[in-house]
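2 protein chains.
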Amino acid sequence: MTEPTITCDTLSFEVLANDGNARAGVVKTARGDIQTPIFMPVGTLGTVKGLTPEDLTDEIGAQIILGNTYHLYLRPGLDVIELHGDLHDMMRWDKPILTDSGGYQVFSLKELRKITEEGVEFQDHIHGSKHMFTPERVMQIQETLGSDIMMAFDECPPHDASKKYLRDSLARTTRWADRCLSARSRSDCALFGILQGGIDEDLRREHADMMLDKPFDGWAIGGLSVGEENSAMYEMAELSTGLMRDEMPKYMMGVGKPDDLIECIYRGVDMFDCVLPTRNARNGQVLTSRGAVTIRNAHHSHSLEPLDPNCSCYTCQNYSRAYIRHLYKSRELLSARLCTIHNLHYYLELVRGAREAILEGTFTQYRRDYYAAQVEDPRER
Amino acid sequence: MTEPTITCDTLSFEVLANDGNARAGVVKTARGDIQTPIFMPVGTLGTVKGLTPEDLTDEIGAQIILGNTYHLYLRPGLDVIELHGDLHDMMRWDKPILTDSGGYQVFSLKELRKITEEGVEFQDHIHGSKHMFTPERVMQIQETLGSDIMMAFDECPPHDASKKYLRDSLARTTRWADRCLSARSRSDCALFGILQGGIDEDLRREHADMMLDKPFDGWAIGGLSVGEENSAMYEMAELSTGLMRDEMPKYMMGVGKPDDLIECIYRGVDMFDCVLPTRNARNGQVLTSRGAVTIRNAHHSHSLEPLDPNCSCYTCQNYSRAYIRHLYKSRELLSARLCTIHNLHYYLELVRGAREAILEGTFTQYRRDYYAAQVEDPRER
Numbered sequence: 020m021t022e023p024t025i026t027c028d029t030l031s032f033e034v035l036a037n038d039g040n041a042r043a044g045v046v047k048t049a050r051g052d053i054q055t056p057i058f059m060p061v062g063t064l065g066t067v068k069g070l071t072p073e074d075l076t077d078e079i080g081a082q083i084i085l086g087n088t089y090h091l092y093l094r095p096g097l098d099v100i101e102l103h104g105d106l107h108d109m110m111r112w113d114k115p116i117l118t119d120s121g122g123y124q125v126f127s128l129k130e131l132r133k134i135t136e137e138g139v140e141f142q143d144h145i146h147g148s149k150h151m152f153t154p155e156r157v158m159q160i161q162e163t164l165g166s167d168i169m170m171a172f173d174e175c176p177p178h179d180a181s182k183k184y185l186r187d188s189l190a191r192t193t194r195w196a197d198r199c200l201s202a203r204s205r206s207d208c209a210l211f212g213i214l215q216g217g218i219d220e221d222l223r224r225e226h227a228d229m230m231l232d233k234p235f236d237g238w239a240i241g242g243l244s245v246g247e248e249n250s251a252m253y254e255m256a257e258l259s260t261g262l263m264r265d266e267m268p269k270y271m272m273g274v275g276k277p278d279d280l281i282e283c284i285y286r287g288v289d290m291f292d293c294v295l296p297t298r299n300a301r302n303g304q305v306l307t308s309r310g311a312v313t314i315r316n317a318h319h320s321h322s323l324e325p326l327d328p329n330c331s332c333y334t335c336q337n338y339s340r341a342y343i344r345h346l347y348k349s350r351e352l353l354s355a356r357l358c359t360i361h362n363l364h365y366y367l368e369l370v371r372g373a374r375e376a377i378l379e380g381t382f383t384q385y386r387r388d389y390y391a392a393q394v395e396d397p398r399e400r
Numbered sequence: 020m021t022e023p024t025i026t027c028d029t030l031s032f033e034v035l036a037n038d039g040n041a042r043a044g045v046v047k048t049a050r051g052d053i054q055t056p057i058f059m060p061v062g063t064l065g066t067v068k069g070l071t072p073e074d075l076t077d078e079i080g081a082q083i084i085l086g087n088t089y090h091l092y093l094r095p096g097l098d099v100i101e102l103h104g105d106l107h108d109m110m111r112w113d114k115p116i117l118t119d120s121g122g123y124q125v126f127s128l129k130e131l132r133k134i135t136e137e138g139v140e141f142q143d144h145i146h147g148s149k150h151m152f153t154p155e156r157v158m159q160i161q162e163t164l165g166s167d168i169m170m171a172f173d174e175c176p177p178h179d180a181s182k183k184y185l186r187d188s189l190a191r192t193t194r195w196a197d198r199c200l201s202a203r204s205r206s207d208c209a210l211f212g213i214l215q216g217g218i219d220e221d222l223r224r225e226h227a228d229m230m231l232d233k234p235f236d237g238w239a240i241g242g243l244s245v246g247e248e249n250s251a252m253y254e255m256a257e258l259s260t261g262l263m264r265d266e267m268p269k270y271m272m273g274v275g276k277p278d279d280l281i282e283c284i285y286r287g288v289d290m291f292d293c294v295l296p297t298r299n300a301r302n303g304q305v306l307t308s309r310g311a312v313t314i315r316n317a318h319h320s321h322s323l324e325p326l327d328p329n330c331s332c333y334t335c336q337n338y339s340r341a342y343i344r345h346l347y348k349s350r351e352l353l354s355a356r357l358c359t360i361h362n363l364h365y366y367l368e369l370v371r372g373a374r375e376a377i378l379e380g381t382f383t384q385y386r387r388d389y390y391a392a393q394v395e396d397p398r399e400r
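Each protein sequence line maps, in turn, to chains A and B. Numbering-wise (the working numbering), the first sequence opens with residue 20 and increments by one. Numbering-wise (the working numbering), the second sequence opens with residue 20 and increments by one.
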């Protein structure tokens with residue numbers, strides 16, 4: 020293990036209030052503050068699908084977005100991004116960006132990738148060309164993207180992997196973590212470590228023991244929301260946040276549904292990302308304070324109600340379910356945009372409300388009210 | 020012929036300046052003034068594809084949009100639209116809307132429609148259900164839509180129709196025009212008549228003779244831009260505007276390319292609509308002051324230039340060709356939106372510039388400058 024020579028001097032974190040295990044805090048970065056708990060909209064290819072940066076700030080209140088290293092590396096490619104300056108400059112987003120390490124995508128390629136101690140050799144899903152991702156290369160790519168929060172290169176093992184495989188994988192991910200720390204060259208790009216261990220409590224503890232004394236700027240819980248039971252996900256979240264030092268931001272990767280946000284905030288998570296609100300929006304699935312609504316359903320065809328009568332977003336302030344259903348059924352582009360604005364606004368309001376409740380010491384009530392508002396509507400199944 | 024009992028009391032037109040045959044004027048409506056010459060973005064299904072009403076007003080400067088009667092009648096259907104009030108209320112567009120008569124679409128159905136003196140019976144292209152459009156029904160539909168400018172129900176004959184067929188068609192369109200005038204019931208919905216006659220000068224004159232004394236609120240030139248030569252289109256435009264009374268707005272339906280706008284303004288046309296700027300935008304074809312640009316072309320992959328260096332639109336003020344090309348190649352929704360904003364802005368600026376030149380008596384120079392700026396770039400073919 021080489022000693023890291025660079026540490027981040029632009030990111031800091033402060034916990035402002037605790038309410039049970041739930042926390043309200045602020046992550047300070049050179050590109051602005053992030054009020055936690057926070058949800059990060061996913062902008063895979065340098066755009067949160069269908070939205071402009073102005074939509075994200077003015078209509079949704081996004082404070083940080085996520086970019087996908089693997090996808091951006093392939094399209095448009097680092098040379099094009101670097102030409103603009105960095106990812107912020109290309110897409111005109113001047114607030115913080117967190118980038119993943121590409122590990123999740125690369126390991127999903129299954130037959131098209133080969134893992135060695137050095138890294139992962141893979142054929143990409145677009146051109147079929149061969150590439151090599153190593154911890155060093157992945158740090159270099161994320162620094163080129165100008166990421167405000169980079170993620171260490173880790174293996175996200177399949178959720179049915181054997182205990183033997185998982186132990187080997189955790190050891191390798193730990194060695195890769197050291198190489199990531201050694202490879203960083205920019206003090207203005209924070210770097211978060213990732214805890215793995217599947218849904219095995221022993222392995223989670225073992226990996227935390229190996230990792231948590233390393234000089235990362237924050238910690239993530241990886242390898243969840245990959246098909247396991249909700250209860251297992253929540254147990255692992257609680258276990259992991261309990262092991263992490265409280266003065267560090269705690270990020271749950273790839274999670275999740277609104278219920279998951281509430282449950283993981285309750286268990287001490289500060290940061291979330293997920294494609295669900297944006298992807299579902301494009302499929303006409305909207306999330307509301309009363310539960311999910313499938314806009315194509317016939318019973319919305321003559322509804323003058325907004326998607327969510329309790330919502331203050333642009334979509335709900337202006338358009339009826341009948342109109343949005345018509346746009347969706349007619350495959351109009353505006354349908355995706357209006358539903359995406361609504362869904363992301365809903366997520367950001369959910370975490371903003373949670374934060375306020377934590378600051379006031381009423382998060383237990385907030386959680387209870389959240390569930391009480393859900394309406395079981397068999398027509399939406 | 021029944022005498023019309025209703026006339027429009029909300030629309031008026033004033034010519035402010037002539038420059039050769041070109042005119043600058045203003046169409047006043049209850050929902051706001053329209054500075055002519057004007058281009059009307061097409062909002063087929065109750066949305067200009069990908070844009071909100073705020074985009075149309077704030078980013079593009081649209082003053083009036085077009086809705087398609089046939090398409091809206093089928094989707095979402097009149098009952099849904101009426102539930103909101105009218106089309107303005109459903110789509111939240113409070114400026115004027117011009118609706119076509121559905122004639123063009125119905126006649127395009129070819130094997131699926133049958134023309135009688137009464138009207139047109141057709142099977143729609145979505146469900147295959149049978150419908151009947153008559154002049155009376157089409158007036159009723161457009162009044163239900165709350166159209167500020169309705170179009171008379173006419174036949175748009177195929178451009179290779181025989182002279183005998185065209186003469187019968189013109190006579191029928193003329194009888195239908197009378198029935199449209201008799202059928203209107205709202206004094207706040209203006210009604211424009213349509214002159215047909217293909218590219219035959221005699222027929223154009225004959226139809227003008229039959230039609231031009233009828234109490235329409237404005238006149239349209241129909242049946243052009245359907246495959247004929249440009250020169251024939253321009254000749255028919257010049258002939259038709261010359262026959263129409265000068266105190267009436269003159270509207271060229273379904274036209275056209277930027278060149279066509281310049282040439283038809285030069286020949287006295289006041290109003291235009293066309294799907295070209297919006298459709299081309301979605302296909303990555305952008306129109307600029309220097310000519311058309313195909314954004315997918317490889318030579319834009321590393322270009323930091325905006326789509327048009329002379330353009331002040333949101334897209335050109337913020338994004339590079341390299342980024343927009345990346346979005347287009349990755350099939351990102353934002354590509355369509357950014358290119359649509361640019362193309363419509365370009366069209367609206369083109370007619371705004373023409374208007375200014377006409378007011379200053381320099382339209383000949385404006386037209387010359389327009390052509391001089393076009394760059395022949397073989398890479399864009």
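Everything labelled a hint here was simulated from the structure, so no lab data went into it. Please note that the accuracy of each hint is not assured.
Which copy is meant is left open, so a pair is good if it fits within one copy or across any two.
[As the list claims (entries may be wrong)] The calculated DSSO-like cross-link candidates involving lysine-lysine, where the alpha carbons are at most 27 Å apart (straight line), are: (1) Lys-149 to Lys-348; (2) Lys-47 to Lys-133; (3) Lys-348 to Lys-129; (4) Lys-348 to Lys-276; (5) Lys-348 to Lys-114; (6) Lys-183 to Lys-114; (7) Lys-276 to Lys-233; (8) Lys-348 to Lys-233.
Hints not upheld, ascending by number = Of the numbered hints, 2, 6, 7 and 8 do not hold.
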